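Residue numbers (our numbering), protein chains in the order written: chain Y, 8 to 331; chain V, 8 to 331.
All the pointers check out, no bait thrown in.
Which copy is meant is left open, so a pair is good if it fits within one copy or across any two.
Taking lysine-lysine pairs in the DSS-like style, the calculated list, with each CA pair at most 30 Å apart, reads:
#1 K92 / K233
#2 K280 / K330
#3 K289 / K274
Hints are computed from structural coordinates only; laboratory data are not their basis. Keep in mind that this is a model prediction, so the values were computed, not measured.
Each chain, letter by letter, is given below.
Number of protein chains: 2
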Amino acid sequence: MQKPEQLRELIDREIDKMGFADRLPGELYLPVDYVMTNGGKRLRPVLSLMACEVFSDNLTPALKPAAAIEIFHNFTLLHDDIMDKADIRRGKSTVHKRWNDNVAILSGDAMAVLSFALISSAQREVLPALLEVFNTTALEVCEGQQMDMNFESMAFVSRDMYLEMIRLKTSVLVAASMKIGALCGGASESDAELMYESGLNLGLGFQIQDDLLDLYGEQEAFGKKKGGDIVQNKKTFLLVSALEKAGGKTAERLGYLMEKEKDPQVKVMEIKKIFDELGTGKEAEEKARSYFSQAIEKLNDTGPGHSRKTEIVGFIKKVMERKT
Amino acid sequence: MQKPEQLRELIDREIDKMGFADRLPGELYLPVDYVMTNGGKRLRPVLSLMACEVFSDNLTPALKPAAAIEIFHNFTLLHDDIMDKADIRRGKSTVHKRWNDNVAILSGDAMAVLSFALISSAQREVLPALLEVFNTTALEVCEGQQMDMNFESMAFVSRDMYLEMIRLKTSVLVAASMKIGALCGGASESDAELMYESGLNLGLGFQIQDDLLDLYGEQEAFGKKKGGDIVQNKKTFLLVSALEKAGGKTAERLGYLMEKEKDPQVKVMEIKKIFDELGTGKEAEEKARSYFSQAIEKLNDTGPGHSRKTEIVGFIKKVMERKT
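Here chain Y stands alone, though its shape is the one from the complex (with noise of 0.2 Å):
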């Protein structure tokens, strides 16, 4: 069983072989380089391996796989903050923001195509396997990111439309790293099913534990707000509870604080006072542990002796506990 440093390094081998600074046009392919060499978590390919190695000693089959799926999930960032008009990405400037939106239209559509090359690259075995998930996923992960838009211009957003749109826009990835790393580890069809289910687990509670961390969270090396989300009025799990139990004064008050307060850190501040004391951050704490323990229970659940599981465990427990 490697460590998930020893798998990150097999990754960022697996992406330094595509030879992306060397490419030409270099307007196209210097934008893939700089994305790709940007100090990303590797969190997707590091759980496809980890997948791969509870059912065999053998990641080669896993690797350009896992290789596809964090250049479409960086694909899905770099047009996302086109439309976010996000101009920081990890502590550097975004690519339309470097170059321009022109640049990270098309370099984002190249890096589409290249995470589908390799996805196709996959042994003849597992490949019509492969391909399904993958390309179910990539569609749900468009269908997500447009039903966060659509998000952004409704008054009110319920618990349940809220967990719809991060399981297209983020869990569904998740869940098709450790599928898909399942599959290359030859995972029969059952099994490499409860490797989707605990990612999906995994990644909601990821997101929701991400909603928390960025009211709760310690401060971030690169330095972004504490309740950035809040200012901007980002429908977090934490607010779209507030909104689905605040009733009378307190929802007045918190439309109030959404639309008019100018201050930030007033907003921020008063915000978070209703939260408390509506109790959605406990809400959303225990909400994000009971997919956490789901996660491990699907994963549990599969074939392979615990053994075979215990770096993915380990690893989803240090997800678990991540401060930032």
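Following the hints, complete the assembly by docking chain V onto the known chain Y.
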């Protein structure tokens, strides 16, 4: 052998089956439906089906791959229109004009994914070969679009650079359409390769002809202005050939007209005169004709008898003779 109109109907039916208009979220899929029902010529998928019919009486295996190519092609047009800030496509508002840039980016992304999903549904025996040509081609199309954008800010572009650009941006997808159709029809690898080369030549001829028609063609129903490429200093075959051929006073005059002439009518008329002096129109015609005959030659070199090629040769000849 089926007529092009019958094949176009088969394609339209295949695209209809995707049910874009009913998919959710509507914000994502309505623009896809809008683009895919926008009355394109379906040149590429019709060529796919015709290429399949050269080798087989059974078109079914080629239907989904042909639809994949058409969706991919329309995805590239959709994103190109954002990058080129084009307002009109086939007489209707472009997606980014009718909706906005974000909608156009994301529904384009969904179309890219949909095209990959469709090509992935090809029959198992041909799947790896189809993926190989589709993925390679898709990446080349991105590279071609980047080259084309690079040309905008370059004072000089050689004929060879121009030909390489249109090979990537336009011709490889026509070539892939024919190769994919042939593979679905059970063509041998060498026959499939000949079909690819036939399509490559057809695509090159088609694009040079497009450049010619912009200046010398009949007025289109949609009312595209004659000489629009000249007004925009677009690097067409006519212009790059003139830039290579012109010397002394002519080169100076051409440079002046491109940079300083503000009256579009004068600009078109005067640059057209220079093209006539240098014989670039005639050169372009000869070049296009030579590519078209190469296309037919390569097609004739494939194994099946002439009787199987009547329709596709007739179709290529019709393309050759188009006036708009």
